[in-house]
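Read in order, the letters of the sequence shown correspond to residues 2 to 284 in my numbering.
Just so you know, not all the hints are guaranteed correct.
Lysine-lysine pairs mimicking DSS-like chemistry, simulated, CA-CA at most 25 angstroms apart [what the hints assert, rightly or not]:
id : residue 1 : residue 2
1  : K68       : K240
2  : K156      : K86
3  : K228      : K163
4  : K52       : K68
5  : K147      : K240
6  : K52       : K199
7  : K202      : K86
8  : K86       : K147
9  : K52       : K269
10 : K53       : K112
11 : K202      : K156
12 : K240      : K251
13 : K277      : K52
14 : K112      : K240
15 : K147      : K68
16 : K163      : K68
17 : K147      : K199
18 : K228      : K213
19 : K18       : K112
20 : K213      : K147
21 : K213      : K68
22 : K251      : K200
23 : K269      : K228
24 : K18       : K68
25 : K213      : K163
26 : K240      : K228
27 : K213      : K202
28 : K269      : K199
FRET-style restraints, in silico, Cβ to Cβ [what the hints assert, rightly or not]:
id : residue 1 : residue 2 : range
29 : P90       : K52       : 18 to 24 angstroms
30 : G152      : G252      : 23 to 29 angstroms
31 : N72       : S221      : 43 to 49 angstroms
Worth flagging that the hints you see were computed from the coordinates, not collected in a lab.
All residues carry an ideal CB built from backbone N, CA and C; glycine is no exception.
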Amino acid sequence: MRPHLIYSITKEIEAEKISGLPLLAIGDSWFDVGSLPPWDTSNILYQLDLKKEYTIVGFARSGQELKNMVNELQNRALFRELLLKNGIPYRGILVSGGGNDLIALAAADQKLDRSHRILLNTSEVPAPQRQLPEAYICPQGLEVFKFRMLGHYQKLIETRNKNYAGIPILAHSYAYATPRMAGIPIVAPNGWLAVSLKKHKIPPELWGSIKKLLINEMFSVIEELAKIPGNRVVAVDTKNLLTPAEPGSKGDSNDWENEIHPNLTGYKKLAAYWSKLIDSEIA
2 MRPHLIYSIT
12 KEIEAEKISG
22 LPLLAIGDSW
32 FDVGSLPPWD
42 TSNILYQLDL
52 KKEYTIVGFA
62 RSGQELKNMV
72 NELQNRALFR
82 ELLLKNGIPY
92 RGILVSGGGN
102 DLIALAAADQ
112 KLDRSHRILL
122 NTSEVPAPQR
132 QLPEAYICPQ
142 GLEVFKFRML
152 GHYQKLIETR
162 NKNYAGIPIL
172 AHSYAYATPR
182 MAGIPIVAPN
192 GWLAVSLKKH
202 KIPPELWGSI
212 KKLLINEMFS
222 VIEELAKIPG
232 NRVVAVDTKN
242 LLTPAEPGSK
252 GDSNDWENEI
262 HPNLTGYKKL
272 AAYWSKLIDS
282 EIA
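All chains should be built: construct the whole structure from the sequences, respecting the hints.
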């Protein structure tokens, strides 16, 4: 069955609107909208097909970075729900986050110190290494990115523990996407990560491998958190679930609507995997 969805960016949630098991969902466009017009795509939450009855209270916003999701001043409604004594008895938290933080870091000015960027320009890579995708990833920036991402999740865990200790946090990896100049008109017509890879003059044949490495590194933070039993973090590994878009394609291709957002077929595949985990992890 499909969950009852309530998107609540600012308004308070009325307990009588909750049916079944209540869940919180925080995230970005994979839980919200990934294209314009919105009906051109979908999201994971819309496509869930669950055995139990749930109400999902969503705090997702397209383009939102993980650092803002766990910022109490910027996400007051979420923290109100988590910190309210004797509030709605939430049974789990679903998270889609980190992708926009990575995109923002990839777009950082190349003149910045290496701790503030994650990509290296071809001119910064020794000639013998220019066919190695890992050579274009800045080690200092990657280390800082992962450290900050770890801190964001730890903030969420600590906040959850105040009233909801023990309920699981399910966080996903995203899926391997093909960097390509395929975006959203007006908002990002040339895509997202592809723009930065091109700006850094990185060979296009390495773009896909670089994206895979970055997704793997990002998900490794969630995997490490999931190894600590007290954290109650579930690593939702969706890296290999989708068929990547064809390199160089401009629009809908295989399981992708644009460079970083799945199409309806892609979201259904992701949601099928999520649905099984939710039903098995939520008590």
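Results of checking the hints against the structure:
In summary, the hint linking K68 to K240 is supported, as the alpha carbons are separated by about 22 angstroms, within the 25 angstroms threshold. Our distance criterion of 25 angstroms between C-alpha atoms is met by K156 and K86, whose separation comes to about 19 angstroms. A distance of roughly 21 angstroms separates the Cα atoms of K228 and K163; the hinted pair therefore holds under the 25 angstroms criterion. A hinted pair counts as satisfied when its Cα atoms are at most 25 angstroms apart, and K52 with K68 does not qualify at roughly 33 angstroms.
Restraint check for K147 and K240: the C-alpha separation of about 18 angstroms stays at or below 25 angstroms, so the hint holds. With a C-alpha separation of about 45 angstroms, the suggested pairing of K52 with K199 is violated against the 25 angstroms cut-off. Between the alpha carbons of K202 and K86 the distance comes to roughly 53 angstroms, so the proposed pair goes past 25 angstroms and is violated. The suggested pairing of K86 with K147 is violated, with an alpha-carbon distance near 32 angstroms, which exceeds 25 angstroms.
About 16 angstroms separates the Cα atoms of K52 and K269, which keeps this hinted pair within 25 angstroms; it holds. With a C-alpha separation of about 52 angstroms, the suggested pair K53 and K112 falls outside the 25 angstroms cut-off, and the hint is violated. Restraint check for K202 and K156: not satisfied, since their Cα atoms lie roughly 36 angstroms apart, outside the 25 angstroms limit. For the given pair, K240 sits about 22 angstroms from K251 by alpha-carbon distance, which is consistent with the 25 angstroms threshold.
Restraint check for K277 and K52: the C-alpha separation of about 9 angstroms stays at or below 25 angstroms, so the hint holds. Using a Cα cut-off of 25 angstroms, the hinted pair K112 and K240 is violated, with the two alpha carbons roughly 32 angstroms apart. A threshold of 25 angstroms between alpha carbons decides the hint, and for K147 with K68 the separation of about 12 angstroms falls inside it, so the pair holds. Using a Cα cut-off of 25 angstroms, the hinted pair K163 and K68 holds, with the two alpha carbons roughly 20 angstroms apart.
Under the criterion of a C-alpha separation no larger than 25 angstroms, the hint pairing K147 with K199 is consistent with the structure, at around 24 angstroms. With a C-alpha separation of about 22 angstroms, the suggested pairing of K228 with K213 holds against the 25 angstroms cut-off. For the hint linking K18 to K112, the alpha-carbon distance of about 51 angstroms lies beyond 25 angstroms, and the restraint is violated. Under the criterion of a C-alpha separation no larger than 25 angstroms, the hint pairing K213 with K147 is consistent with the structure, at around 15 angstroms.
For a cut-off of 25 angstroms, the pair hint linking K213 to K68 stands: about 22 angstroms separates their Cα positions. Distance hint between K251 and K200 is fulfilled; the C-alpha atoms sit about 18 angstroms from each other, no more than 25 angstroms. Distance hint between K269 and K228 is unfulfilled; the C-alpha atoms sit about 28 angstroms from each other, more than 25 angstroms. Proposed proximity of K18 and K68 is contradicted: the alpha carbons are some 29 angstroms apart, above 25 angstroms.
The suggested pairing of K213 with K163 is violated, with an alpha-carbon distance near 36 angstroms, which exceeds 25 angstroms. Restraint check: the Cα-Cα separation between K240 and K228 comes to about 19 angstroms, which is no more than 25 angstroms; the hinted pair holds. For the proposed pair K213 and K202, the alpha carbon gap of about 18 angstroms is at most 25 angstroms, so the pair holds. Restraint check for K269 and K199: the C-alpha separation of about 31 angstroms exceeds 25 angstroms, so the hint is violated.
For the hinted restraint 18 to 24 angstroms between P90 and K52, the CB-CB distance of approximately 20 angstroms keeps it satisfied. Between G152 and G252 the Cβ separation comes to about 37 angstroms, which falls outside the hinted range of 23 to 29 angstroms. Distance hint for N72 and S221: a CB-CB separation of about 23 angstroms, inconsistent with the stated range 43 to 49 angstroms.
In this structure, the earlier hints numbered 4, 6, 7, 8, 10, 11, 14, 19, 23, 24, 25, 28, 30, 31 are contradicted, and the remaining ones agree with it.
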